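One-letter residues, chain by chain:
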Amino acid sequence: MKFTRPETLYDTQTHYCSGCGHGIAHRLVAQAIDELGIRERVIGTAPVGCAVLLYDYFNCDIIECSHGRSPAAATGIKRCLPDRIVFTYQGDGDLAAIGTAETIHTANRGENITVIFINNAIYGMTGGQMAPTTMVSQITTTTPDGRDAQLQGPPIKVCELLSSLDGVAYLERVSVSSPKDVIKAGQAIKKAFQYQIDGKGFSLVEVLSMCPTDWKVSPAKALDFVNNEMKTAFPLGVYKDAG
Amino acid sequence: MNSTTEKLFIKGNEVMCEAAVRAGCRFFAGYPITPQNEVPEYMSWRLPQAGGIFLQAESEIAAINMLFGASSTGTRCMTSSSSPGISLKQEGISYIAGAELPCVIANIQRGGPGLGNIRGSQADYFQATKGGGHGDYRLIVLAPATCQELWQLTMNAFDYADYYRNPVMILGDGILGQMAEPVEPIPYKPIVDLPDKDWILDGCKNRDPRVIRTLFLRPSDALMKHNLHLQDKCHTIQTELELVEKVNIDDAKLVVTAYGSTARIARGAIQMARHKGMKVGLIRPITLWPFPYVPFLEATETAKKFLVCEMSQGQMIEDVMLACQCKRPVEFFGYGGGWYPTSEKIFDHIQAVYEE
Chain A
126 MKFTRPETLY DTQTHYCSGC GHGIAHRLVA QAIDELGIRE RVIGTAPVGC AVLLYDYFNC
186 DIIECSHGRS PAAATGIKRC LPDRIVFTYQ GDGDLAAIGT AETIHTANRG ENITVIFINN
246 AIYGMTGGQM APTTMVSQIT TTTPDGRDAQ LQGPPIKVCE LLSSLDGVAY LERVSVSSPK
306 DVIKAGQAIK KAFQYQIDGK GFSLVEVLSM CPTDWKVSPA KALDFVNNEM KTAFPLGVYK
366 DAG
Chain B
42 MNSTTEKLFI KGNEVMCEAA VRAGCRFFAG YPITPQNEVP EYMSWRLPQA GGIFLQAESE
102 IAAINMLFGA SSTGTRCMTS SSSPGISLKQ EGISYIAGAE LPCVIANIQR GGPGLGNIRG
162 SQADYFQATK GGGHGDYRLI VLAPATCQEL WQLTMNAFDY ADYYRNPVMI LGDGILGQMA
222 EPVEPIPYKP IVDLPDKDWI LDGCKNRDPR VIRTLFLRPS DALMKHNLHL QDKCHTIQTE
282 LELVEKVNID DAKLVVTAYG STARIARGAI QMARHKGMKV GLIRPITLWP FPYVPFLEAT
342 ETAKKFLVCE MSQGQMIEDV MLACQCKRPV EFFGYGGGWY PTSEKIFDHI QAVYEE
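Taken in order, these protein sequences are the chains called A and B.
In terms of the numbering used here, the first sequence opens at residue 126 and continues consecutively.
In terms of the numbering used here, the second sequence opens at residue 42 and continues consecutively.
In short, the hints are calculated from the structure, not lab data.
Only a predicted model underlies this, so the values are computations on that prediction, with no experimental measurement involved.
The C-beta atom is built at its ideal place from N, Cα and C for all residues, glycine as well.
Keep in mind that the hints are not guaranteed to be accurate.
What the hints assert, rightly or not - Distance windows between CB atoms, simulated: (1) A:Asn233 with B:Asp249: 33 to 39 Å; (2) A:Ser262 with B:Gln354: 50 to 56 Å; (3) A:Leu290 with B:Phe257: 33 to 39 Å; (4) A:Ile322 with B:Gly176: 20 to 26 Å.
To be verified - Here are the computed lysine-lysine pairs in the DSS-like style, where the Cα-Cα straight-line distance is at most 27 Å: (5) A:Lys316 with B:Lys246; (6) A:Lys341 with A:Lys282; (7) A:Lys325 with B:Lys368.
Claimed, not checked - Which bits of chain A does chain B cover? Going by a derived footprint, with three or more residues having C-beta under 8 Å, they are: (8) 155-166; (9) 182-196.
Turn these sequences into a full structure, and let the hints guide you.
Shown next, in the form of structure tokens:
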């Protein structure tokens, strides 16, 4: 088997830090688009957050949205061009804090789009503040003594939250913290795009991902953090599959 | 049926919808708020009938961002709201302006600040014409005074938006939105040669991928260059698009100025003054941005005073003062809080400030 760069990714260096999970997630999205042969039908949205520059990496049409509003913009695009394939790529602050209303209502309308949700439990681009998915006791620059569930509440579990909505077709939480996890994540992302192609409605893949820089650990330790801490707080698995 | 002989008896809010659909609007997203609720209600049945999309959004924020997406596909699109809801849209409007996406935004103004009240108002002039959202951008702002003019300006708004790749705001008020009057539904005809939309996102089949961006980090002067481009566009719009109505200005010693519903009321006051032999005229800006500065400066040649009437505590008056360059005194008469002046009250003020 030959390992090559997907056509949907440009041949360029990314700005991501060593050990960051975005590069892996980008590749999995690009690979799914390649395998499904849909690159020329795809319109993606860039979030506010570390992935804001994803249009420098993805070889397809991209629109850069305001913080948290990608699902609304994607709704506008998909409703106007129902035969195109529309995906959003959002971080935890974008999707589960400032954009919570758009996330929930886009899911509940059953918009036929694919959401790639990168959960690294921290605000990366702004330098390591508390995210809605920061875990209890996790230290960030705005929770210097660790997140206190009494003061800041516990982390939001997006797949669990959205699983109650009838409009949702497919929800799965995956990880990119081991080779086995990466393979499973790739399958889930491809399935989420396939559901859109088949007109099944809203799908979201939550990807547990590493942020060694803002967690202030080495890339190797960041993998351990996902495998040991995050997978406990955010259990992997399929949360909804309308089939 | 010959559509030019058709007459509609129709509310302002519905005039805007029907004109929009006939001008090719095929996407609307909005959120209920008084006094513009007829707009989403009308669009909810009318747009699907025309093969378009209606979406009741979860918020004004979502609605404007739905437009951000819809416009990026090249679809003619519109949202409407009233003052507090327009405040919520401001971040999205800034993005749309920055990305140079055409769309039409209607503000059927109500009293503010805060939740204010639900009566007609003109207290959002600053917000509409001076920015509203963050960053260096301008909206084209149209101020119709009658339902017939609302029909025409709504159609024109889509053309201006596409032609200049700039969001256009229809700045109405609760009186115009709620008032029904006979309207001749003049068929849509583009008022400019519309350029091809060679920037839209529709998938990169047989072409290079396109990006619609609102972030300009690299190189370090990228945003400066983008802003200069936006500024050039603004200068072009200022040169090409200043709409104004002048009534009895040539011999006027006093120039009354007002826009929208207030201009209509002021017209009655000016008639009263003329009956009394007073030389009073009216300048009615139709575009609030670009503001028609020149007619005011020209009027300083003969007029001794200006009287600005608004349904606010005084906002457009600042542009009138700028336009007059301190050559003549500028008086103000207005009500805020969702109240409108009567023609009689304006006439009283005309009498109080008038000098032969």
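Taking the hints in turn, this is what the structure says about them:
no. : hint                               : verdict
1   : A:Asn233 with B:Asp249: 33 to 39 Å : holds (36 Å)
2   : A:Ser262 with B:Gln354: 50 to 56 Å : holds (53 Å)
3   : A:Leu290 with B:Phe257: 33 to 39 Å : holds (37 Å)
4   : A:Ile322 with B:Gly176: 20 to 26 Å : violated (38 Å)
5   : A:Lys316 with B:Lys246             : holds (23 Å)
6   : A:Lys341 with A:Lys282             : holds (23 Å)
7   : A:Lys325 with B:Lys368             : violated (68 Å)
8   : 155-166                            : holds (count 3)
9   : 182-196                            : holds (count 10)
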